[in-house]
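Asks: Chain by chain, the residues run as shown.
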Amino acid sequence: MIHFERVTYTYPHTAHPALRDINLDIDEGSFVAVIGANGAGKSTLCAALAGFIPHHFRGELQGRVIVDGLDTATTPLSELVTRVGLVFQNPFNQLSGAKLTLAEEVAFGLENLGVPREEMFARVNAALDIVGLREFANRSPYALSGGEMQRVALACILVMEPRVLVLDEPTAQLDPIGTRELFHALRALISERRCTVVLVEQKTEWIAAFADRVIALHDGAIVLDGTPRAVLTSARLDEIGIRVPRYTVAARAAREQGLWQRELELPVTFEQAVQGFQTRSGK
Amino acid sequence: MHRSFFLPRRSGLHELHPLTKLVGVLALVGIGFLARWSHLPIALFLFAVLPLAAWGRIARDLIRVTLTVVLPFVISIAIVQGLFFPGATKTLIDFGFFALKEEGLVFAYGTAGKILLLAGAGLLLLFSTHPSDLMLALVQCGMPHALGYIVVTAIQLLPQLQAKAAAILDAQRARGLETEGTVLVRVRALIPLLSPLVFGALADVDERALALEARAFSSRRAKTSFKELRDTRGQAIARWLILLGGTIVCAIEVWR
Amino acid sequence: MNISIRDVHFGYDAAQTVLRGIAIEIHRGERVALIGQNGSGKTTLVKHLNGLVRPTRGEVIVGDWNTRAHSVAQMARRVGLVFQNPEEQIFKNRVADEIAFGLANLGLTRDEIAQRVDAVLTRTALTACRDAHPYELLASQRRWVALASILALDTPILILDEPTTGQDAAGLTRLGALVNELTREGKTIIAITHDMDWCAEHFDRVIVLKQGRVLVDGDPHQIFAQTDLLAETFIEPPQITRLGMALGFSETVLTVDEFLQMQKNVSTASSQ
Numbered sequence: 001m002i003h004f005e006r007v008t009y010t011y012p013h014t015a016h017p018a019l020r021d022i023n024l025d026i027d028e029g030s031f032v033a034v035i036g037a038n039g040a041g042k043s044t045l046c047a048a049l050a051g052f053i054p055h056h057f058r059g060e061l062q063g064r065v066i067v068d069g070l071d072t073a074t075t076p077l078s079e080l081v082t083r084v085g086l087v088f089q090n091p092f093n094q095l096s097g098a099k100l101t102l103a104e105e106v107a108f109g110l111e112n113l114g115v116p117r118e119e120m121f122a123r124v125n126a127a128l129d130i131v132g133l134r135e136f137a138n139r140s141p142y143a144l145s146g147g148e149m150q151r152v153a154l155a156c157i158l159v160m161e162p163r164v165l166v167l168d169e170p171t172a173q174l175d176p177i178g179t180r181e182l183f184h185a186l187r188a189l190i191s192e193r194r195c196t197v198v199l200v201e202q203k204t205e206w207i208a209a210f211a212d213r214v215i216a217l218h219d220g221a222i223v224l225d226g227t228p229r230a231v232l233t234s235a236r237l238d239e240i241g242i243r244v245p246r247y248t249v250a251a252r253a254a255r256e257q258g259l260w261q262r263e264l265e266l267p268v269t270f271e272q273a274v275q276g277f278q279t280r281s282g283k
Numbered sequence: 001m002h003r004s005f006f007l008p009r010r011s012g013l014h015e016l017h018p019l020t021k022l023v024g025v026l027a028l029v030g031i032g033f034l035a036r037w038s039h040l041p042i043a044l045f046l047f048a049v050l051p052l053a054a055w056g057r058i059a060r061d062l063i064r065v066t067l068t069v070v071l072p073f074v075i076s077i078a079i080v081q082g083l084f085f086p087g088a089t090k091t092l093i094d095f096g097f098f099a100l101k102e103e104g105l106v107f108a109y110g111t112a113g114k115i116l117l118l119a120g121a122g123l124l125l126l127f128s129t130h131p132s133d134l135m136l137a138l139v140q141c142g143m144p145h146a147l148g149y150i151v152v153t154a155i156q157l158l159p160q161l162q163a164k165a166a167a168i169l170d171a172q173r174a175r176g177l178e179t180e181g182t183v184l185v186r187v188r189a190l191i192p193l194l195s196p197l198v199f200g201a202l203a204d205v206d207e208r209a210l211a212l213e214a215r216a217f218s219s220r221r222a223k224t225s226f227k228e229l230r231d232t233r234g235q236a237i238a239r240w241l242i243l244l245g246g247t248i249v250c251a252i253e254v255w256r
Numbered sequence: 001m002n003i004s005i006r007d008v009h010f011g012y013d014a015a016q017t018v019l020r021g022i023a024i025e026i027h028r029g030e031r032v033a034l035i036g037q038n039g040s041g042k043t044t045l046v047k048h049l050n051g052l053v054r055p056t057r058g059e060v061i062v063g064d065w066n067t068r069a070h071s072v073a074q075m076a077r078r079v080g081l082v083f084q085n086p087e088e089q090i091f092k093n094r095v096a097d098e099i100a101f102g103l104a105n106l107g108l109t110r111d112e113i114a115q116r117v118d119a120v121l122t123r124t125a126l127t128a129c130r131d132a133h134p135y136e137l138l139a140s141q142r143r144w145v146a147l148a149s150i151l152a153l154d155t156p157i158l159i160l161d162e163p164t165t166g167q168d169a170a171g172l173t174r175l176g177a178l179v180n181e182l183t184r185e186g187k188t189i190i191a192i193t194h195d196m197d198w199c200a201e202h203f204d205r206v207i208v209l210k211q212g213r214v215l216v217d218g219d220p221h222q223i224f225a226q227t228d229l230l231a232e233t234f235i236e237p238p239q240i241t242r243l244g245m246a247l248g249f250s251e252t253v254l255t256v257d258e259f260l261q262m263q264k265n266v267s268t269a270s271s272q
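Protein chains in written order, with the working numbering: chain F, 1 to 283; chain R, 1 to 256; chain U, 1 to 272.
Heads up, some of the hints might be wrong.
With a straight-line Cα cutoff of 25 Å, these simulated DSS-like cross-link-like pairs (lysine-lysine) come out [said to hold, decoys possible]:
| no. | chain 1 | residue 1 | chain 2 | residue 2 |
| --- | --- | --- | --- | --- |
| 1 | U | Lys92 | R | Lys164 |
| 2 | U | Lys47 | U | Lys210 |
| 3 | R | Lys164 | U | Lys47 |
Honestly, the hints are just simulated from the structure, not real lab data.
Between the sequences and the hints, there should be enough to build the whole structure, so can you do that?
Replies: As structure tokens, then:
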């Protein structure tokens, strides 16, 4: 579904490449998390996936990015956005600012694509159902909390039925409730559709619960690529500036003091941590 | 948190097609501005705009905005005109250095009436019509889609700009910026208050452009509409009649 | 410098009461975390501390200054407030100038200003960005610029509104270290945060606001033990604390060290 071949990209007027020799293959239907320190290239990767690089951001792109069989460099952006949906950090700025109700707001993308009105209702309702906001369909998009607004932004993209969904730190500006709501919406999405998801997140505890695969970026290059458990317990996380899940930190320190069984893999989720620590106590 | 001009109410006025309201407002303003009779603008405001506002259940809001915003403006014009109208001779009140002249006041009365009518009719339209509906109507008549979007969002996002300005004021005051006192102090405060607004607005525009792009805004396909504007044959006929009638009246006035 | 918040009530208008009788005493050198749902009144409360907002009823005394009797500019000498959005204050073309802005308002000499700016740049790891345009930096770096500009004012009291938003691991560590350093220097730090893990690791007092009232106020060990009460206002304890609870610890743990200590006790106890 997604194929990056020797991709190197430099923003205009900058010397240092934001992405360096990225080689990546992502299968259809997988849920991939991308982690990295600020400035490591995560947003750049998202933009390249959606075709905003090179169409919106000029700069120098080497290599090829193929998404859903289309080469992003040669396919027009208006075509690419129907295949790859992109959700950003700031909920407020993703709303069109032109619509009175949630339903109209979600339908905005369909209006732009010239979808017939009869078809719109079903798609809008389906999208609102997935994010759990169907009952607010007639409310103003601005009379919502940050978390709700972000879920609307997600619905606005889902309604266009993209094959790939890219989310660039969608919970960065949300409080814990909003974060939880967004992840629940993602969970609903996964169970209903065969959508490939690429999620950029700093909150590694959530990633561990959702992703099949985690990719770590450092200074524009991929330095780690594997299962959540493999990547998030890697000793390299500290040096590349990524937050290690608290459970992992606790277990690693415990292991050094003989309080965590040596043979037992380090945990990345709450459940794994509880299980692991209970094993030690012989329960 | 998000305010806009539009006031959602259940009223006949709100149900009208946006073009009907637009045409009506344009006719009112056109006739009021071009007519000879000096009392017509105020008469139209009192006997056309206000009853329509009552029908739309927006009378109270309309009156409130008129009193708080328009009236002070109008009064200051009256004073200026009354004192400085060129070529005036009939003095009403003499203050010594300045004198309040009759011609000036008469002119001011005329101007005041027109401003009142313009503002009243404008508010009538804005309060009872959601900008996106108005734009949809205009786009259906042939206005470019992008232009419609820009105008709608400019109107809708004004409150957000206001909120941002307030936040900037707070942040800069918290850094010791003085904002009250002499003119010099206030002038010095302008850049720290306006620059972040501009920078922020530009950065926002950047982000919004991306988000719009991601929702196929620049797609070349013919656009459809989720919302249907309700129109009746009666309204369509009325619009043509008003347009015709209004044009004739204006033409007559101009001819004279 | 102590802060005394005495029975403060506040509403932006007659219809909306945001604060309903807040009474808090904060002493010099405390590290206080202010937590609570959105809309509980946290930001409004901290705006009372530098006079941006004045109570409709009650008093706020900072040191010996009643906020009603002093302008915001005066209060800014005692209370530094760092807001959430750096974009709502940045207006200079150079990071160094942006940081120096508040200092000019304090009436320092040019040399003194230059010195302070350098010191603050080092402290916030922004020395390399000294001459950069703030909008060329990453968003997370801009937050540090805003923080630096308030830090430079060297106020005895520093308030941070959601400082952890958008920070990566290095940023969080640096932020925590800064909080510790500043309190060692005798400053009082108040932070609004919804990052419970960060809060538990760096603050010795937690105040929970709910609908304009103080729900609980005290040592984080006691506060985070009250899971039901916190659940009412949708607050979850820090992850380490939850882990400890799930393992049946008799005491609340907040940090990895405390956790290990308890786990050690549990292990030695069970092996006996």
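Asks: Compare the structure with each hint and give your call.
Replies: Against the structure, the hints come out as follows:
1. U:Lys92 - R:Lys164: holds, 18 Å
2. U:Lys47 - U:Lys210: holds, 17 Å
3. R:Lys164 - U:Lys47: holds, 16 Å
Every hint, counting from the list given before, is met by this structure.
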